[in-house]
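Protein chains: 2
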Amino acid sequence: MELKLLFPLAVSPAAERLRYILGEDDEPPNPTLFTEMDTLQHDGDEMEWKESARWIKFEEKVEEGGERWSKPHVSTLSLHSLFELRTCLQTGTVLLDLDGYSLPQIIDDVIEKQIEDGLLKPELREKLSYVLLRKHRHQTKKPIHRSLADIGKSVSSNTGQCQGSGGELKNKFIKKIPKDAEASNVLVGEVEFLEKPFVAFVRLLQATMLGGVTEVPVPTRFLFILLGPAGKAKSYNEIGRAIATLMVDDLFSDVAYKARDREDLIAGIDEFLDEVIVLPPGEWDPNIRIEPPKKVPSAEKRWVRTTGLDPFLGGLHSPAPRRCLRRFCGGLYLDIKRKLPWFPSDFYEGFHIQSISAILFIYLGCITNAITFGGLLGDATDNYQGVMESFLGTAMAGSMFCLFAGQPLIILSSTGPILIFEKLLFDFSKGNGIDYMEFRLWIGLHSALQCLILVATDASFIIKYITRFTEEGFSTLISFIFIYDAIKKMIGAFKYYPINSDFKPDYVTMYKCECVAPDPAGLSSAKSTLFLPKFVSSNAINLTALDWTQLSKKECLKYGGSLVGKSCKFVPDLALMSFILFFGTYSMTLTLKKFKFSRYFPTKLRKLISDFSIFMSILMFVGLDVLFGLNTPKLQVPTDFKPTRVDRGWFVFPFGKNPWWVYLASALPALLVTILIFMDQQITAVIVNRKEHKLRKAAGYHLDLFWVGILMAVCSFMGLPWYVAATVISIAHIDSLKMETETSAPGEQPQFLGVREQRVTGIIVFVLTGISVFLAPILKYIPMPVLYGVFLYMGVASLNGIQFWDRCKLFLMPAKHQPDYVFLRHVPLRRIHLFTLVQIICLAVLWILKSTVAAIIFPVMILALILVRRLLDFVFSQHDLAWIDNIIPEKEKKKEDDKKKKKKGNKGDSSSDEEMESDYDDTDTEKAPRDMGSETTL
Amino acid sequence: MELKLLFPLAVSPAAERLRYILGEDDEPPNPTLFTEMDTLQHDGDEMEWKESARWIKFEEKVEEGGERWSKPHVSTLSLHSLFELRTCLQTGTVLLDLDGYSLPQIIDDVIEKQIEDGLLKPELREKLSYVLLRKHRHQTKKPIHRSLADIGKSVSSNTGQCQGSGGELKNKFIKKIPKDAEASNVLVGEVEFLEKPFVAFVRLLQATMLGGVTEVPVPTRFLFILLGPAGKAKSYNEIGRAIATLMVDDLFSDVAYKARDREDLIAGIDEFLDEVIVLPPGEWDPNIRIEPPKKVPSAEKRWVRTTGLDPFLGGLHSPAPRRCLRRFCGGLYLDIKRKLPWFPSDFYEGFHIQSISAILFIYLGCITNAITFGGLLGDATDNYQGVMESFLGTAMAGSMFCLFAGQPLIILSSTGPILIFEKLLFDFSKGNGIDYMEFRLWIGLHSALQCLILVATDASFIIKYITRFTEEGFSTLISFIFIYDAIKKMIGAFKYYPINSDFKPDYVTMYKCECVAPDPAGLSSAKSTLFLPKFVSSNAINLTALDWTQLSKKECLKYGGSLVGKSCKFVPDLALMSFILFFGTYSMTLTLKKFKFSRYFPTKLRKLISDFSIFMSILMFVGLDVLFGLNTPKLQVPTDFKPTRVDRGWFVFPFGKNPWWVYLASALPALLVTILIFMDQQITAVIVNRKEHKLRKAAGYHLDLFWVGILMAVCSFMGLPWYVAATVISIAHIDSLKMETETSAPGEQPQFLGVREQRVTGIIVFVLTGISVFLAPILKYIPMPVLYGVFLYMGVASLNGIQFWDRCKLFLMPAKHQPDYVFLRHVPLRRIHLFTLVQIICLAVLWILKSTVAAIIFPVMILALILVRRLLDFVFSQHDLAWIDNIIPEKEKKKEDDKKKKKKGNKGDSSSDEEMESDYDDTDTEKAPRDMGSETTL
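Line by line, the protein sequences are chains P and R.
With UniProt numbering applied, the first sequence corresponds to residues 1 to 938, in that order.
With UniProt numbering applied, the second sequence corresponds to residues 1 to 938, in that order.
Just chain P, same shape as in the assembly (with noise of 0.2 Å):
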């Protein structure tokens, strides 16, 4: 957009003659430039051209006194400097498309050219040619133990110096430079024999390596020179640095490029200097270096504000298609289609050494997982199905799941709502003389018939309904319940082992515990042989000749001994120690995690020790354990492989147990187990496929929920327990494995990239929890405690990036204080906490609902969340759930949908939600829903 005049300027508009050069043709895009500034300097009557800024993005300066490069930050320069490059430009020589093959011939040339046009007087041919062709010298960053090697000298001359085209090759800086970059070359300098300045503006019709001018061996492509009569260096240097920073600027860059003379690149100037930033000298010190932005303006946008023209669309990937196809298995048949070129990719992908992170991180949740739910369920079910059960059951599920599904980046784990269904279950079967086991196989078969039909008919389009609302506060709620749990477990240990809080280390000599043998005379009475049925006649153990002293308390109990002292009841140190284990786990955890921001230490090693953050921590918190040696509870996973009952096998057999009508009456139940777990894993595949994730492969959920269906069967017939996605450690799995760019120009701020999609971790992991069984002799040094605090540090890292959870801290922030979140703009503040607060509530209900039996209908009351959602739309504006929901518009959809008419085929894959736009981003750039953008963009 060109800004219009209200009266007429110094500027003239030129954005008429860019609009010319730069819409000519479709060339491929232009190379990087790399600017290089090299100032004259004087030492006597020794002459050089010292390095002394250089840019690829952003500017880096030679620190004079430092003898050392700056950090990268945005050029601010002054508004004179910028006129009195114009200037030069338009007094000077430019010439374009000049053929140079090497430097002392393109000095010839320009100077020729000058005495040409009667700007220099020809006597000074030859100084000038001397000066022009002095020797450079750059400035090289020193590995820091040759600084330190260094540090004896005391002459502070040394700099890292290399004359020549050889010198460069150590300079580890030219890995930031793109390999098809070009160089321009700015000299500015001052020296006595000139009276006017010496100008000129060179590009040569091919890149050419003009030997040691410029500090890393690219091909100089452009050169400015202004040497000038001496007393004004220090404005020489500005407009040095005003050309260099144009060079670097992406659409001047383009126009010195593609300029026919010399009013095309003045143009170019204005252009520049119509779309300058102003700060006011009285609110900003122009010796502060602003650090890059985490996002500049793109190229493309200022492109078409420019020219006008729409610079090529494309690349863009369709994310996650959810449309309704209404033909039978067709989203099946989409997901399977477009899953299945990525398939041999999502495998050599997965080699990467942030994949070892994830595996140990994941592997510890899940086995943690497997325990925790394993005893849990051997309690519900009297052990039907018990730890061996859940270890093989997340295995086989796990890897399948992640070798074949739609979304492999999804954790399958057993969950609360099943576990409580289980339980009810057990109890009814058992109170009405059902067989359990075959009773939950019809159940898992009729559930796994329900979830294929729903596959087939394509029902996933009704998570189309979920926004960010139902989304966010489903994720919520389960890294609360993480957390809840994790601390529970700690309070636990309090519990399991008591603290003696009287025991004064003085009267250590009170404190005992004794087994004291049982009244003789009642031993034999009929009470406590029922009591001790078993060992009193199996063992046939003379009780009278136990030495009841030398028993351990679970002994003395079991033979009808009393404990009797003060210390029975306590357990020292344990409880303590676990504490310290569990926080420590969790505290250095996420400390590690934000190291990747610290100064100390090279970036590699930074992201490395953020990568391994949890196994550094819990490598950290086990040897601390081993080395106080105490029995805190450790991990221990079945060392034999056979179920958890002797008189269950690996196989249920469907038939023979129940009467008939239980196989057809057990479809009702599985409504409840496919309404739960249809909701489970569809949500949290929402979550793991947002958009802020930028996944390329797009998600699958037909393909996910046949799978689940498949499993579920499988699971059945097995007697294992069932599995769906797990919010919180699938949400960490996508954590840990995401990337950023690598190198960039010193001073961008690496870009997330997206996440590393493939099935490497995931089956990796499940295989490892499938040979746990194996590895339990390693696993027994791990306390319980630490995984404990590896939930913890889960949950609350999934509560991160949560908008919900941003908002909800905003009620505890005074508005001054509150960050530049984008809804916040355009949002009244009370209408957000409003939303908040009804969320919030919900929530609260949720969470009650999930703390008492109810929790088997939990699945339905996410269905209510969408319904709340739905009834907000007459409360909010589209307007504000546009901002706070991302929502797009109706009046948007339907353009959307009619564009989507128009094309046809494959294409008419990408959904509407290609457009939403991630808006909710924590960068300050604004951004608006399309539908706003004219009244809110600048």
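Because the hints were derived from the structure by calculation, they are not lab data.
Some hints could be false.
The list makes no distinction among identical chains, and a pair is therefore deemed to hold if it is satisfied within one copy or across any two copies.
To be verified - Mimicking DSS-like on lysine-lysine, the simulated pairs with C-alpha atoms at most 30 Å apart in a straight line are: (1) K694 <-> K337; (2) K175 <-> K816; (3) K569 <-> K634; (4) K566 <-> K553; (5) K294 <-> K691; (6) K504 <-> K780; (7) K294 <-> K596; (8) K816 <-> K596; (9) K430 <-> K780; (10) K176 <-> K295.
Small disclaimer: the values here were computed from a predicted structure and weren't measured.
Based on the hints, put chain R in the right spot on chain P.
Chain R alone, transformed into the frame defined by chain P:
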């Protein structure tokens, strides 16, 4: 400095004009300008002026959608708008010193003028007047509880709205505006009936309240009106922002107040343009709001640059006069003379809420120190000096010092070297049959005399050799000792309360500890009676009649029994609980201290939490300890006011117990004590009087030493320990009394104002220490580990802001991540590392010395540190040292001396270190030592 241009420019150099008007006279400074921008809103046929932004120093924008004020930010303007504004002022109506008393009259005058000048058609008069007199609607900040009350309403149109002059009363914003402020109102908008813009700039003769035009009841001085044809609202808006930004610019507002005509205003804009900072559009997104910087360029500097005038100097305080007057007691006399006028304010300035937190903090530090050193001294001197003496001495010496000394912020305490000296002295006395107390009295008297001689001869001049190198080395060492001691004591708990790591909860029956009666045969033998003479004989207990199982551990051992059992050696829980208390207190204090910078809660509450962080942490963990009820080691202060040993009184008689020559010979050890005290005291004083602390009331090195000497004599007579300045606690004292500006323009960073210099906190701390004897019932709840945690925090906190420590951290940072310390811009990294390494080696040597008996010559080693620093003059250039060690280069010193000679009388007091600017500043601004100013500053 005015940039000289290479070529003629579009913008004419306007400095000449400004120099004339700004340099006119010595008028009082102009009032602060509050600028409000209102834009014309059309609602059908209805029109109103709606506030859209405001400025005190930085811009605050009304977030249209958000219905609230944005955060204050630096105004980013477009170059266009500035040029357009310039044209506006060139072509529009400029009315300077209009005598206006009401808005209608002013508008009438303006329109009249436009018609006169032929700029406006007369028939538009009515319409224009109608538009300009529409009511004004202001954005007011609603208190949050009101917003919450509003939440139920679903209509989102309730803007806080106030018309007329009544509604502004509740506006809290008025507090942010200085009382004498005047307003400038900017009105911009588009109307249908105009064909070309209507522009007016009005300066009123007198600032006048114009009713509801301004949000706050501030009289209006300036009025800028821009109404234009429809369709360019955005452009008008930007021009409005430009003039508003100009009006709050220090220099331009001055121009606006003093302008004689239109040309002056335009010259002001040109000057502004000359100084603006330009950001390239490709490197910065204009939508990012730039947070106000920590410091902005001072108006004075810009003033000098523009006008060439030197702003008035003065108001600077002379901080720490250390001159050597070479007159008997001259330094002491000057100290008293200088401090006496502050004496009353030293009391009334102490009454502030912050003092309470400081008192609590320092009190706990002092009693912990008193108990620790008391205990150690008791061990070392066989209780000749015990905890009671330590308390009494601390209270007496501390309160006297705080009441009368030169620097009442210094806290006196026992220190390590003195402890070692006492230990050696006691052993020597005992070994040579000399009476310890009398000997010590004479050493004390000699040392006191020597101190007084040092005072009389102004020997404190030696501290001028204490540069940053020595001072920071010393304080780092003391901080490390604090940290080391705290951790050592914590580890001690693990030794004192050993953990039984073999404990198996199930085998609790195997753990006991029984008191076994000694072999009855041996009891009557010589050996056992030899060991138990007192109890066996005097108490005449029949040992055989004892119930041995009922004895406590101590009793059992006392009566010769032996402890048998697995649990005898161990104490459960206490070690781990101590660790939790220790680490918890430390980390909670650290966290709460940082809470000041969090986004949550209002500023005042955060400041309160931060100030009371230590108190709250102690309370929290004392509470936790009470909750657990464990027998952790508690703070125990003596409850009876009597000497620890029964055979000594409160007065030591000087004669009679030792031979006469001892009285004279004691002068020799006294010399050691004197050096020790002198160095400890004066370096701490230098640290306390650091430039960074911005002390107003100057130092009193001579007076301080005088009182240390006097107190030494008194303590010697009373047989109390000797006291000297405690570095870490004194720093903590200062930290807890730091002041910052309370109200400032929105966005302006609170500035560090200095330290609450007073005598109240110190005196109360020591009075409390004295009456701690009566506070014992409360204090006994405080576990020692909590106090060790406080000690750890003190040690770590006192490392903050030490440049040496920052330089140490540089070793671990890759160059590109290093903070932008100003010395890094000017000194090569390897020189900095070398300097740091020398310091580290010096500290390592001192640490080793401190850990051996050689600790007694520790103070002499500090002198050696000064020597090492002198030697560094040969290794480092003065340029480098100026940046790293803050020295003033010799030639500069000479200039300073010359300057000083010109002054006379009282003014002569100000020493050269007043000129030693604190270059080591955490702001990023560049400040060079003066002799390099021309080379490095812009």
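State whether the alpha carbon distance between K176 and K295 is at most 30 Å within one copy, between copies, both, or neither.
Close inside one copy (18 Å), not across copies (34 Å); limit 30 Å.
Up to 30 Å between alpha-carbons, please classify K816 paired with K596: within, between, both or neither.
Answer is both: 29 Å inside a copy and 15 Å across each meet the 30 Å cutoff.
Status of K596 relative to K294 across identical chains (alpha carbons, at most 30 Å):
both (16 Å within a copy, 26 Å between copies)
Are the CA atoms of K569 and K634 at most 30 Å apart within a copy, between copies, both, or neither?
For K569 and K634, the Cα distance is within 30 Å both inside one copy (21 Å) and across copies (26 Å).
Checking K430 and K780: alpha-carbon separation at most 30 Å within a copy, between copies, both or neither?
neither (35 Å within a copy, 59 Å between copies)
Reference check for the pair K694 and K337, CA-CA at most 30 Å: within, between, both, or neither?
Within one copy, since 20 Å is at most 30 Å while 72 Å is not.
Homo-oligomer pair classification [K780, K504; C-alpha up to 30 Å]
between (34 Å within a copy, 16 Å between copies)
At most 30 Å between C-alpha atoms: does K294 with K691 qualify within a copy, between copies, both, or neither?
within (19 Å within a copy, 37 Å between copies)
For K566 and K553, with the copy left unspecified, which applies at a CA distance of at most 30 Å: within, between, both, or neither?
Classified as both: same-chain Cα gap 14 Å, cross-chain 16 Å, threshold 30 Å.
Status of K816 relative to K175 across identical chains (alpha carbons, at most 30 Å)
Answer is between: at 15 Å across copies they meet the 30 Å cutoff, but 43 Å inside does not.
In summary, the structure is inconsistent with hint 9 from the numbered list given earlier, while agreeing with all the others.
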